[in-house]
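Chains as they are written, first to last, in the working numbering: chain U, 1 to 115; chain S, 1 to 112.
No wet-lab data here; the hints were simulated from the structure. All C-beta atoms, glycine included, are put in the ideal place defined by N, C-alpha and C. Mixed in with the good hints, there may be bad ones.
[Stated by the list, open to error] Calculated pairs, DSS-like style, for lysine-lysine (alpha carbon to alpha carbon, straight line, at most 25 angstroms): (1) K42(U) - K78(S); (2) K57(U) - K83(U); (3) K55(S) - K73(S); (4) K73(S) - K42(U); (5) K42(U) - K57(U); (6) K55(S) - K78(S); (7) K70(S) - K42(U); (8) K57(U) - K78(U); (9) K70(S) - K55(S).
[Said to hold, decoys possible] According to the in silico footprint, chain U covers these stretches of chain S (three or more CB under 8 angstroms from chain U): (10) 44–53; (11) 94–105.
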Amino acid sequence: EPEVTQTPSHQVTQMGQEVILRCVPISNHLYFYWYRQILGQKVEFLVSFYNNEISEKSEIFDDQFSVERPDGSNFTLKIRSTKLEDSAMYFCASSEVSELNYGYTFGSGTRLTVV
Amino acid sequence: AQTVTQSQPEMSVQEAETVTLSCTYDTSESNYYLFWYKQPPSRQMILVIRQEAYKQQNATENRFSVNFQKAAKSFSLKISDSQLGDTAMYFCAFKAGNQFYFGTGTSLTVIP
Numbered sequence: 001e002p003e004v005t006q007t008p009s010h011q012v013t014q015m016g017q018e019v020i021l022r023c024v025p026i027s028n029h030l031y032f033y034w035y036r037q038i039l040g041q042k043v044e045f046l047v048s049f050y051n052n053e054i055s056e057k058s059e060i061f062d063d064q065f066s067v068e069r070p071d072g073s074n075f076t077l078k079i080r081s082t083k084l085e086d087s088a089m090y091f092c093a094s095s096e097v098s099e100l101n102y103g104y105t106f107g108s109g110t111r112l113t114v115v
Numbered sequence: 001a002q003t004v005t006q007s008q009p010e011m012s013v014q015e016a017e018t019v020t021l022s023c024t025y026d027t028s029e030s031n032y033y034l035f036w037y038k039q040p041p042s043r044q045m046i047l048v049i050r051q052e053a054y055k056q057q058n059a060t061e062n063r064f065s066v067n068f069q070k071a072a073k074s075f076s077l078k079i080s081d082s083q084l085g086d087t088a089m090y091f092c093a094f095k096a097g098n099q100f101y102f103g104t105g106t107s108l109t110v111i112p
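Working from the sequences, and respecting the hints, build out all of it.
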């Protein structure tokens, strides 16, 4: 079964550093998403991406964050100048269509630890 | 505002028994879908079951079924004949537009 692949599975970074979280969505999917889950809290929407541009973003997704699809397969989340509170599990997801009844396929997540 | 509430942070069930995970939500949307996702120790978020808000009939997928009470805004998940592989975190989610809203999850442990 097709999977969404995320790398690395765990990243530790120093506060103030930049990190790039990588995702390879399912090949025929057109819609891409990032969600995050702070430990013990709910999974929260960050951003959706379609046709090489952001289609929707949450209040969490401020200027510190950016997304990119640098080639035909990767979808990246960049966090500039990381803060301690950015420590979380970050999930990438993709979907073939944006219809309401369509569930996403999520990756296994990248655990980001900012020290 | 859309909110999803899972009031049971942890639950356990004996293997082969039945367990029900509760979920309530709040929304002003008229058109939406509800989902249950499972997150096993592998951390992959796996879609378990989905329910259309306009359908009264409760969705069923093998051992998994839901009890959808639209007026009460309740969407519980019933797992029948629990198996060890059902041990996971379960997230209730509500989808309006192109965005999911998740609950805080219920950690389910199936005891052999």
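Evaluated hints:
1. K42(U) - K78(S): Judged against 25 angstroms, a Cα distance of about 21 angstroms means the pair holds.
2. K57(U) - K83(U): 20 angstroms, holds
3. K55(S) - K73(S): Holds, at roughly 13 angstroms.
4. K73(S) - K42(U): With Cα atoms ~19 angstroms apart, K73(S) and K42(U) stay inside 25 angstroms; holds.
5. K42(U) - K57(U): 17 angstroms, holds
6. K55(S) - K78(S): 18 angstroms, holds
7. K70(S) - K42(U): 23 angstroms, holds
8. K57(U) - K78(U): Holds: K57(U) and K78(U) sit about 14 angstroms apart, inside 25 angstroms.
9. K70(S) - K55(S): 9 angstroms, holds
10. 44–53: Holds, because 6 residues of the stretch 44–53 of chain S bring their Cβ atoms closer than 8 angstroms to Cβ atoms of chain U.
11. 94–105: holds (count 11)
Of the numbered hints given earlier, the model fails none.
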